[in-house]
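Chains A and B, in that order, are what the protein sequence lines are.
Under this note's numbering, think of the first position of the first sequence as 2, with each following residue one higher.
Under this note's numbering, think of the first position of the second sequence as 2, with each following residue one higher.
Hints in this document: simulated from the structure, not taken from any laboratory.
Quick list of in silico lysine to any residue cross-link-like pairs, SDA-like style, CA-CA up to 25 angstroms:
{"no.": "1", "chain 1": "B", "residue 1": "Lys105", "chain 2": "A", "residue 2": "Ala249"}
{"no.": "2", "chain 1": "A", "residue 1": "Lys105", "chain 2": "B", "residue 2": "Pro91"}
{"no.": "3", "chain 1": "A", "residue 1": "Lys131", "chain 2": "B", "residue 2": "Val233"}
{"no.": "4", "chain 1": "B", "residue 1": "Lys20", "chain 2": "B", "residue 2": "Ser195"}
{"no.": "5", "chain 1": "B", "residue 1": "Lys85", "chain 2": "A", "residue 2": "Leu219"}
{"no.": "6", "chain 1": "A", "residue 1": "Lys122", "chain 2": "A", "residue 2": "Asp178"}
{"no.": "7", "chain 1": "A", "residue 1": "Lys55", "chain 2": "A", "residue 2": "Leu38"}
{"no.": "8", "chain 1": "B", "residue 1": "Lys20", "chain 2": "A", "residue 2": "Leu204"}
{"no.": "9", "chain 1": "B", "residue 1": "Lys105", "chain 2": "A", "residue 2": "Thr228"}
{"no.": "10", "chain 1": "A", "residue 1": "Lys85", "chain 2": "A", "residue 2": "Ala226"}
{"no.": "11", "chain 1": "B", "residue 1": "Lys109", "chain 2": "B", "residue 2": "Glu203"}
{"no.": "12", "chain 1": "B", "residue 1": "Lys67", "chain 2": "B", "residue 2": "Leu225"}
{"no.": "13", "chain 1": "A", "residue 1": "Lys20", "chain 2": "B", "residue 2": "Gln138"}
{"no.": "14", "chain 1": "B", "residue 1": "Lys105", "chain 2": "A", "residue 2": "Glu3"}
{"no.": "15", "chain 1": "A", "residue 1": "Lys109", "chain 2": "B", "residue 2": "Thr228"}
{"no.": "16", "chain 1": "B", "residue 1": "Lys131", "chain 2": "A", "residue 2": "Ser227"}
{"no.": "17", "chain 1": "A", "residue 1": "Lys20", "chain 2": "A", "residue 2": "Ala196"}
{"no.": "18", "chain 1": "B", "residue 1": "Lys105", "chain 2": "A", "residue 2": "Ala191"}
{"no.": "19", "chain 1": "A", "residue 1": "Lys105", "chain 2": "A", "residue 2": "Ala196"}
{"no.": "20", "chain 1": "A", "residue 1": "Lys67", "chain 2": "B", "residue 2": "Tyr220"}
{"no.": "21", "chain 1": "A", "residue 1": "Lys109", "chain 2": "B", "residue 2": "Leu229"}
Protein chains: 2
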Amino acid sequence: MEHPIAILDSGVGGLTVAKEVMRQLPLERIIYFGDTLRAPYGPRPSEEVRLFTKQIVSYLLQYDPKMIVIACNTATAAALDEIKAMTDVPVVGVIQPGVRAAIKRSMKGAIGVIGTEGTIKSRSYEQALKRIAPHLQVYSKACPEFVTLVEQGLYRSSKCKPVVERALHEFKQLDIDTLILGCTHYPFLADAISAFLGPEVELISSAEETAREVSTLLYHRGQLASTLEMPVHQFFCSGDPVLFQKIAREWLGDEIQVNPVVWQIPRFA
Amino acid sequence: MEHPIAILDSGVGGLTVAKEVMRQLPLERIIYFGDTLRAPYGPRPSEEVRLFTKQIVSYLLQYDPKMIVIACNTATAAALDEIKAMTDVPVVGVIQPGVRAAIKRSMKGAIGVIGTEGTIKSRSYEQALKRIAPHLQVYSKACPEFVTLVEQGLYRSSKCKPVVERALHEFKQLDIDTLILGCTHYPFLADAISAFLGPEVELISSAEETAREVSTLLYHRGQLASTLEMPVHQFFCSGDPVLFQKIAREWLGDEIQVNPVVWQIPRFA
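Kindly produce the complete structure, drawing on both the sequences and the hints.
So this is what it looks like as structure tokens:
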């Protein structure tokens with residue numbers, strides 16, 4: 002059997018990455034872990050986020066993955082380097098792919114970034130963008146309320162519009178042409194964000210871009226799936242599986258085979 | 002001094018890749034070689050293309066590059082594996098990046114590919130697309146006349162429109178949403194191609210996507226430029242430097258520092 006790609010997140014946000022991996026790499030098998038019991042990670046001290054991320058990676062390593070995707074910006078900002086040091090399996094975070102995509106797309110060189118408090122406070126995006134292209138102008142803002150909407154399954158409700166508008170009104174004044182959705186929960190709200198900011202601001206989804214980079218790295222490492230069989234994915238969460246399953250099915254859709262879904266709650270926490 | 006990124010092409014087509022590397026990785030230094038004396042490569046037997054590509058890579062290796070970019074689809078299709086076997090320096094071709102970008106962007110799963118005779122005959126794009134996503138529908142066509150227009154510096158002339166329309170009329174009948182410009186010369190004609198096919202067909206530029214993947218690989222290998230100094234690039238061609246220089250300056254623009262440009266004609270051919 003193919004070695005899987007392990008994807009982890011604080012909760013359901015990483016499903017946006019899983020969905021894109023399924024679409025862009027339909028032959029790859031996924032093991033997903035959402036730490037719904039302890040979500041959101043955004044407001045937690047980075048020390049704690051690092052500990053939780055290491056626990057989950059230890060759990061996922063037993064599935065012998067060929068790649069680990071930290072599909073959570075907060076965890077990437079807090080723990081990427083430590084996770085890389087922990088294992089020989091290649092580890093991909095969600096910050097760098099969004100950074101490279103934003104640089105590719107922004108013609109004005111003026112880029113907005115939204116994320117959780119943890120991500121924005123870490124200044125990871127700003128540093129990564131300027132590390133590659135020092136001339137860029139970067140405007141950052143934490144939007145923690147978006148995560149709550151998504152984790153509660155309210156991302157298609159009428160509650161989104163006023164929350165999005167209140168959070169993003171400052172960006173209407175700025176001359177940006179690119180906005181990085183620096184949290185894997187935010188693609189759930191992409192339609193509402195785009196409706197408010199208008200077509201001249203292109204949204205960069207960490208999810209799409211990370212899947213693209215997973216594809217790039219698997220190819221260059223000679224590790225693309227070698228069978229033509231459709232893979233069977235596995236999903237785990239640490240909290241209530243009912244809401245997680247509802248959101249996972251809504252988001253991943255029926256066109257993608259995710260059966261049999263095995264639910265299991267590991268005993269740390 | 003930073004090790005450079007070596008970029009090679011049959012002629013001026015690879016300048017589209019160089020331009021994107023300069024934009025997306027402004028701190029990286031480039032050594033460019035255009036084999037204008039022997040362009041176009043498209044109609045040549047693949048054996049010959051392989052030989053020429055190896056000659057140029059041997060020449061470029063003396064500059065101790067940290068990465069080699071075969072910025073020519075025909076040469077990538079014919080010689081990528083042999084060039085990889087020739088050196089420990091990582092080698093990036095232009096086919097795989099376009100493939101991954103097309104898969105990311107195509108929602109219908111119906112993708113067009115245009116390239117030189119050599120590229121289309123090799124079926125490299127079709128095979129690479131289906132290797133990752135077997136369900137895709139792929140429509141390919143050779144458009145060798147585009148390369149001639151570009152190498153002659155006529156890409157902004159009124160001659161382009163009828164040539165583009167004649168070459169691409171079949172794609173108007175097909176329900177594609179994505180067209181891969183499978184030749185690095187074609188981005189010079191992107192406006193004319195887009196005007197004819199309309200906004201519902203998204204063009205994938207090998208150039209943009211390859212630069213993005215160069216950025217990805219340099220990051221994951223820990224090889225991004227470490228100084229903040231603006232680099233001094235070097236350009237070489239095997240044929241007439243006057244026309245090459247005219248096109249290079251027109252395409253790369255004044256906003257990018259490419260001085261001092263050193264012109265030199267190596268003595269093979």
